[in-house]
Amino acid sequence: MSDVTLPTAEEIHQLPEWAQLTFAAHCARLAFPNFLKYWPKAPQKHVEDVERAISLTEQAAKSMFHLNTAFINLADKARIAADYATRAKNVAPTAVATAAALSAAAAATATAASSFRPNAHAAAEAATHAANAGVPKIAIHQLFQRLLEECHQHQLAGETVIPPTVFDPYRHKSSVIDDDMSDPTDSSGFRLILDSFAAEGVDLQDVRKRLVTLFRQLNEYSLLRWGKGLTIDEFKQYLLAGVPAEVPS
Amino acid sequence: MTDRIATNVFRLVLRRTNGQLTEEQAAELLDLIQSAVPNPCMPKAKYRPAEIPDEVVEQVFEDIKQVVAANPAREQQLAVNPPTPDERAAAIAVQAERVKAAAARLAELVRLKTKAKETDE
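Chains as they are written, first to last, in this note's numbering: chain A, 1 to 249; chain B, 1001 to 1121.
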């Protein structure tokens, strides 16, 4: 996977114009958790501006009618917030890269808003900065490929407005579970939910190993106790969104 | 683990092979885990589903798939050659401690919050 490359502006240009904006917004969305992770003391105002700008970029990609003066102003605010991060003291380089990704996405948004034309170069820049901010290249690559495939599938081209259902930024494809793992014959009853909250800096590979070990031990207990093993109904990852409602002292 | 806002949450939802857990089974498994790791009090924070999950998610699926794939053979072995009641009780007691130890090991790295949920269907 080390030879995975980021899509170039020329490649992004293959996408319909509004899908290019979607791509930039998604890159910013992928980078956003790192903005909070690597700059936990970011002023709340800037975090909110950036969050709103990303959300509105996503909305704009779904319908060009959302592009108005207020939207342009918000894109500018996001850019200011990102610039602030690059100038702030004691901010980790990754946070600066994240801010740059958000700034590039905001630039793509502002370009789209001012000229009513998305900008493939700004989207490519957002992808590059997102990678520098710690977003895996493979994730960006897969995102681009998925957008490309869906555009072909839905025959979207040129200036076609993207139907909201096509690029829902929060849609999660849980296609990893095989059919033989989800074969309930009795759908009524109880499920056990285990939520693992991991703070920044925790080795997620260690978390994986210990989580799987816990499943293995619970499975063996179930076999011994009731003669039946366990399986997983779902396994999902959630990321910190927006501003924490409460900050510990 | 320090009392910080978590940046990642992994939600694992378990059920019994070919069905759901009964209320008693879910409560028993929950008691086991919570006797080792009580549910924590945590600062409130908002989370959203990861659009493109970390590769850790796919690896967990793969690892658990292997465990689940071995279940039919284990189930058959226990049905054909069942342990004596004493052996079974001893094995269950040992296994209960292993579950607690595994939960405690996980809780060294993360805040572990557990609950049972009734299915709607």
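Derived by calculation from the structure, the hints in this document are not laboratory data.
Some clues are possibly wrong.
[As the list claims (entries may be wrong)] Quick list of simulated restraints, FRET-style, between CB atoms:
| no. | chain 1 | residue 1 | chain 2 | residue 2 | range |
| --- | --- | --- | --- | --- | --- |
| 1 | B | T1022 | A | H13 | 20 to 28 Å |
| 2 | B | E1024 | A | Q44 | 58 to 66 Å |
| 3 | B | A1090 | A | R146 | 49 to 57 Å |
| 4 | B | K1117 | A | R146 | 46 to 54 Å |
| 5 | A | T5 | B | P1083 | 50 to 58 Å |
| 6 | B | Q1077 | A | Q44 | 53 to 61 Å |
| 7 | B | G1019 | A | E150 | 47 to 55 Å |
| 8 | B | P1043 | A | L6 | 18 to 26 Å |
We put the beta carbon where it would ideally sit given N, CA and C, even for glycine.
Exercise. Would you list, in rising numerical order, the hints stated earlier that this structure does not obey?
Key: When the structure is compared with the hints, numbers 1, 2, 4, 7, 8 turn out to be violated.
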